Structures are given as C-alpha cells and as structure tokens.
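Chains as they are written, first to last, in the numbering used here: chain A, 1 to 73; chain B, 1 to 158.
Please note that the accuracy of each hint is not assured.
[As the list claims (entries may be wrong)] Cross-link-like lysine to aspartate or glutamate pairs, in silico, EDC-like; alpha carbons within 20 angstroms at most:
hint	chain 1	residue 1	chain 2	residue 2
1	B	Lys153	B	Asp33
2	B	Lys39	A	Glu33
3	B	Lys54	B	Asp33
4	B	Lys39	A	Asp42
5	B	Lys89	B	Asp112
6	B	Lys39	B	Glu66
Hints listed in this document are in silico derivations from the structure and should not be mistaken for laboratory results.
No experiment lies behind these values; they were computed from the predicted model shown.
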Amino acid sequence: MISFALDNAHAHDVATLLDRQGIAVRAGHHCAEPLMQRFNLDSTARASFGVYTTHAEIDALADGLIRVREFFA
Amino acid sequence: MSETDSFGDLRDLYQEVILDHGRRPRHAVRLADFDSSAKGDNPMCGDRVQVWVKFNADDIGQIGFEARGCAISIASADLMAETVQGRSKADTRALFEAFREMARTGTCPACDASLAAPIERLAPLSGVHEYPSRVKCATLPWHALIAVLDGTKEASSE
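Could you build all of it, start to finish, from the sequences and the hints given here?
So, in structure tokens, the structure goes:
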C-alpha cells in the first residue's frame, strides 16, 4: 500500500483524474486524521496492491500520475 | 491527441476558469478588519475553509477566505467571494440555494431571473453534478458563508 501526495494537485483531484483512466485509488484522511496533522497534510491518495495486481496495472498507475501532473501543471 | 485532451469529459468538471481560480484565487485573504468569521470543515475528505466578512449595513462589504482543499473547493470559494461581494444577506442566501441546486442537478430551472448574472458566473462549477462525491467540495465554502450570516462558527458539508 502506498500513500502519496502530489505537488500542485490535491488528492481528490488526483483520484478523480485517475478514476477517469480506469484506476481506483482512495483519497482523503483515510480515517487517520491525527497522522495527517502529524505530517501537516490535508489529504493523501492511496494505492493498494494485491497478489493479483499485474505489472501493466502498476505501469498504468505511474503513467496516469504523470498525466495528472501535466493536467495541473 | 494532447495529454489534456485525452481526459475528454473531465474538461466539463475542470474548466479553464476552475483551474485558473483554483491555482490563483483572487479573494484568498484573511481580512484584518472583519465583523464575522466561520469555518467550514469536511473531515472525511480533508477540505477546510475559513470565511471572513466585513458587512456594509446589510450587504457583504468585503469577503476573504483561506482554504486548504482541492481545485474545485478553492475555485468555488473564490467565485463565491466574487459573486457575493456587495450583495445583501437575503440575496446571498437565495444565491446559495440556487447554486446548491445547480451543483446537485446541473441546472436551476426555478432560479429567479434576478440571479441570472451571478449564476452564469458560477456555472463553470455545475459540472460537479456528474461527480456526486465532488458536490460537497463545491458547496463547502457556501456552507461556511451561510454560517457567517447565521452567526454560527462552524459548518460542515458532510
């Protein structure tokens, strides 16, 4: 599981744009508000992986994030 | 096909005016001289906004806000500040009802003709109705503003 934040793009914007590319991530506080405060974050996006996750799907996430960054550049 | 075009229908949600006001809000200032202030908090998604108002008799004389949140919530706060400045409290409430209807349904058939100009200015946000989880991003700043008018200190769009 990887929680992350992008510069210039809020996690909810990231999640909506990834969703439109067929990629599901969770976004927000993840029911961990004290931890968010600890790291001074208002939210993060979170990608989860399983034994069934393929290399192609992970590449799609990486490519999708590059496109999100360009969209909000 | 360019990178941005490949997002296709997302352009309805993230119109240029939204991206512009999200990046460079014009009214994102904490007023030093104000009559009332309220916070809007959406703990589920992490959006937070505080709105300050200086009244001019019954009108909103000056309005400023500070927001931490997504592009839509910041753009909505900024367009809200732009459209309510100089407006009476009653007109502001009516505009909120009209805007909320537009955010939920995409249109406002019952909208009073007197609201046509500000509603047109807020129309770029109507794309959120296609994204139910994002409607509250657009309405949170308004809930904070209504809390200012009501004299309550906090609002939530949950």
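Consistency of the hints with the structure:
{"no.": "1", "hint": "B:Lys153 x B:Asp33", "verdict": "17 angstroms, holds"}
{"no.": "2", "hint": "B:Lys39 x A:Glu33", "verdict": "17 angstroms, holds"}
{"no.": "3", "hint": "B:Lys54 x B:Asp33", "verdict": "7 angstroms, holds"}
{"no.": "4", "hint": "B:Lys39 x A:Asp42", "verdict": "15 angstroms, holds"}
{"no.": "5", "hint": "B:Lys89 x B:Asp112", "verdict": "16 angstroms, holds"}
{"no.": "6", "hint": "B:Lys39 x B:Glu66", "verdict": "9 angstroms, holds"}
Checked against the numbered hints given earlier, this structure breaks none of them.
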